[in-house]
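Enquirer: This is what each chain is made of:
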Amino acid sequence: MSGERPATASDGGTATASGTRPVAEADGGTATESGLGAGFDAGLASYRRRQRVWDALESPYVVHLVLFLAVFFIVAPLVWELLTSLKTNAAVYNLTYLPRDPTLASYYDALIDRGFWRAVVNSVIIASVSTAVVMALGTPAGYVFSRYRFPYDNAVFTFVLFTRLFPPIGLVVPYYRIMSEGGLLNTRLGIVVANVYLWLPLVVYVMRNFFITIPKELDEAARIDGCTKLQAFRHVVFPAVLPGFAAGTILTFLYSWREFLFAFTVSTNLSSMTIPVATFLFVGDTSIQWASMAAAAVVATIPSAFVVFFFQRYIVVGLTGGLKG
Amino acid sequence: MSDSASTQATDRGDDPERAVSLRIEELIKVFEEADGTPVRAVDDVTLDVYDGEFLVLVGPSGCGKTTLLRTIAGLEPPTEGAIIINGRDVSGLEPRERDVAMVFQNYALYPHKTVRENLAFPLEIRKYPRDEIERRVADTADLLDIPELLDRRPGDLSGGQQQRVALGRAIVRDPELFLFDEPLSNLDAKLRVQMRTELNKLHTRVGKTSVYVTHDQAEAMTLGDRVAVMRDGRLQQVAPPQEVFERPATRFVAGFIGEPPMNFFDVRIDERDGRPVIVAEGFELPLPDVARRALGEPSGDGRELVLGIRPEHFVDAGAAEAGAVPEGATFEALTRVVEPMGSYKDLALVPHGAAEDAAEFTARVSNESTAMEGEPIVLGVELSKLHLFDPETGANLLV
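Chains A and B, in that order, give the protein sequences. Per our numbering, residue 1 is the first one in the first sequence, and the count goes up by one each step. Per our numbering, residue 1001 is the first one in the second sequence, and the count goes up by one each step.
Please keep in mind that the hints were generated in silico from the structure rather than gathered at the bench. Please note: incorrect hints may appear among the correct ones.
[To be verified] Listed below are the simulated DSS-like cross-link pairs for lysine-lysine, each with C-alpha atoms no more than 30 Å apart in a straight line:
1) B:1190 x B:1201
2) A:229 x B:1127
3) B:1113 x A:216
4) B:1127 x B:1113
5) A:216 x B:1385
6) B:1190 x B:1127
7) A:229 x B:1190
8) A:216 x B:1190
9) B:1113 x A:229
10) B:1201 x B:1113
11) A:216 x B:1208
12) B:1190 x B:1113
13) B:1208 x B:1190
14) B:1127 x B:1208
15) A:229 x A:216
[Said to hold, decoys possible] Some chain B residues near chain A, calculated using beta-carbon distances under 7 Å:
16) 1104
17) 1122
18) 1277
[Claimed, not checked] Beyond 12 Å from chain A on every Cβ pair, some chain B residues (computed):
19) 1097
20) 1105
21) 1118
22) 1215
23) 1327
24) 1362
Please read all numbers here as calculations on a predicted model, not as lab measurements. Think of the CB as a built atom: it goes at the ideal place given N, C-alpha and C, for glycine as much as any other residue.
Using the sequences and the accompanying hints, generate a full structural model.
Expert: The following block contains the structure:
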């Protein structure tokens, strides 16, 4: 589309510039260009001027420039981080763009010497378990909200969403108290609880929206064809909503993977710290070990990058909440 | 609607020899609207559907026909009343226990399954043996002429093909009762007519008891062995299509069945020279003897009624052969619009003597009619095809 527009604009542009329009001549000597009077012609001219400005703004060059800036804005910090991770902690202060002697020393330092690998293990376990629990609870809940009417159903649904409206920082103190009472400080379970609390409402909402896109006649057809309500869900509705389920799973995993605040609140050592929290360990009292921190950050980014790369179709679906075919 | 009850009663007594496949007894379904007011979607419906019969439930949207169908399927629990399928009271049973099959308006094909898997699903869930499933799926695919589609998914099929698969999924299980919920209304006009014919053929071959819901009176007339007209949750008339057309039980049925719809005139029965006449605004017609007997004596007492004349029961007296128009059964009307349709013409007219703002009525006349817009013509009326309705109850007084 944007490819055609400039061509049209330049056609109109030359015709106007030469002062006469073929149409006007064919009319057999109408005094004004449009044949509707001078005031109308002035309006027409200003309309064309404005359209030329907009056509220029919509031209592929402008579009590509904007896109390039957006990509640069997002990618530049990641590239900087990657380059920093290939330096040593000392070499970071040599202000060069490219590392002079690229080395993986800071990876070794971070992962092995500082025990960062334990955070990787924690993150994998916590994110996986959180995702499994959230999807196992959120999918049936979303299904029920999409299909069944029960007393105060809308109020309950609003309440579910409402829990996500509190700023998480406001919940940190009670969360810490509960975890400490329950003996869950410095445990992976404590962080899983926080993740389930954080992402369950989101998944209930997302899954409900997916189930709404599945016509309820599908359940009904399955029930007439011989299914119980649960069988109809298992054999017909759930397979139909599978792309949405995948989207919910991926989003929950990504969110759990990068969650910082609650994991930071209950973790004081590497027995439960997740990657984002452990990365913060490289900020010391007197100095920041930039290269080690960058290496840790790169390690934290890799799984997310893979998930996004391979499942981007589902992520787009999950964020826009629409299923087709 | 006292006569609707009597119609049903005669229907039930109609044919005691025939086996009843589906019996609906005093069924009531009350919904609660969002604000809590109860709505009677199905209001005291009693209906028998005979074995192998194709019954069409027809009515305007919101008349309760779909609710009635869903109650038969078990998708909605009835508020009161019973549903009996082949002698078994299924009122409290789950849909899967009723041995019915349903074709939905949007087909409700399982999108993640191929056509073959869609057809096999009702059998698989009921644990049919594998070879039996394969045999039945193949037979059904042949019956519906879709063997080449078996390995495709619903999303890749056209509307008409999806429709066939949906029919196949209903047929494959060989249920006791077929239910159709406006299955053709998502198709374009041409395909709809084609599928209508196919459904007719299919029913002749399969011969299963079917209940078919539609708002399209053309579908009702062409498909139904009998047509059940519903309005506001109540049955108005249950009868074979031709009878519903020729002898509508109520003014509502008369106006609903037939295209273009029947014309209605407020009239008065009066007497002229000792003979009873129908006096409408702008014209008079003699009261036929049949009607006089049906109304009872004395008929020339100024009684107010509603006269119904179908558009096709008018003739352009000027274009008709001599003697084709009965003596006295003519009146003059002013032609407002002429719509030539090829084999006939539709005219919009007002009675010549009526006020300028009188309601227009429609006449369907032969294409030899010379009616001109703005010119008066002489219209003849087939007196034997007149209908007279009670203005209060809407009941047809001549049936």
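Enquirer: If a hint holds in the structure, say so; if it does not, say that too.
Expert: Hints versus structure:
no.: 1; hint: B:1190 x B:1201; in the structure: 17 Å, holds
no.: 2; hint: A:229 x B:1127; in the structure: 17 Å, holds
no.: 3; hint: B:1113 x A:216; in the structure: 17 Å, holds
no.: 4; hint: B:1127 x B:1113; in the structure: 18 Å, holds
no.: 5; hint: A:216 x B:1385; in the structure: 47 Å, violated
no.: 6; hint: B:1190 x B:1127; in the structure: 39 Å, violated
no.: 7; hint: A:229 x B:1190; in the structure: 37 Å, violated
no.: 8; hint: A:216 x B:1190; in the structure: 28 Å, holds
no.: 9; hint: B:1113 x A:229; in the structure: 19 Å, holds
no.: 10; hint: B:1201 x B:1113; in the structure: 28 Å, holds
no.: 11; hint: A:216 x B:1208; in the structure: 26 Å, holds
no.: 12; hint: B:1190 x B:1113; in the structure: 28 Å, holds
no.: 13; hint: B:1208 x B:1190; in the structure: 26 Å, holds
no.: 14; hint: B:1127 x B:1208; in the structure: 23 Å, holds
no.: 15; hint: A:229 x A:216; in the structure: 12 Å, holds
no.: 16; hint: 1104; in the structure: 5 Å, holds
no.: 17; hint: 1122; in the structure: 4 Å, holds
no.: 18; hint: 1277; in the structure: 55 Å, violated
no.: 19; hint: 1097; in the structure: 9 Å, violated
no.: 20; hint: 1105; in the structure: 8 Å, violated
no.: 21; hint: 1118; in the structure: 10 Å, violated
no.: 22; hint: 1215; in the structure: 18 Å, holds
no.: 23; hint: 1327; in the structure: 59 Å, holds
no.: 24; hint: 1362; in the structure: 38 Å, holds
Checked against the numbered hints given earlier, the structure breaks hints 5, 6, 7, 18, 19, 20, 21 and satisfies all the rest.
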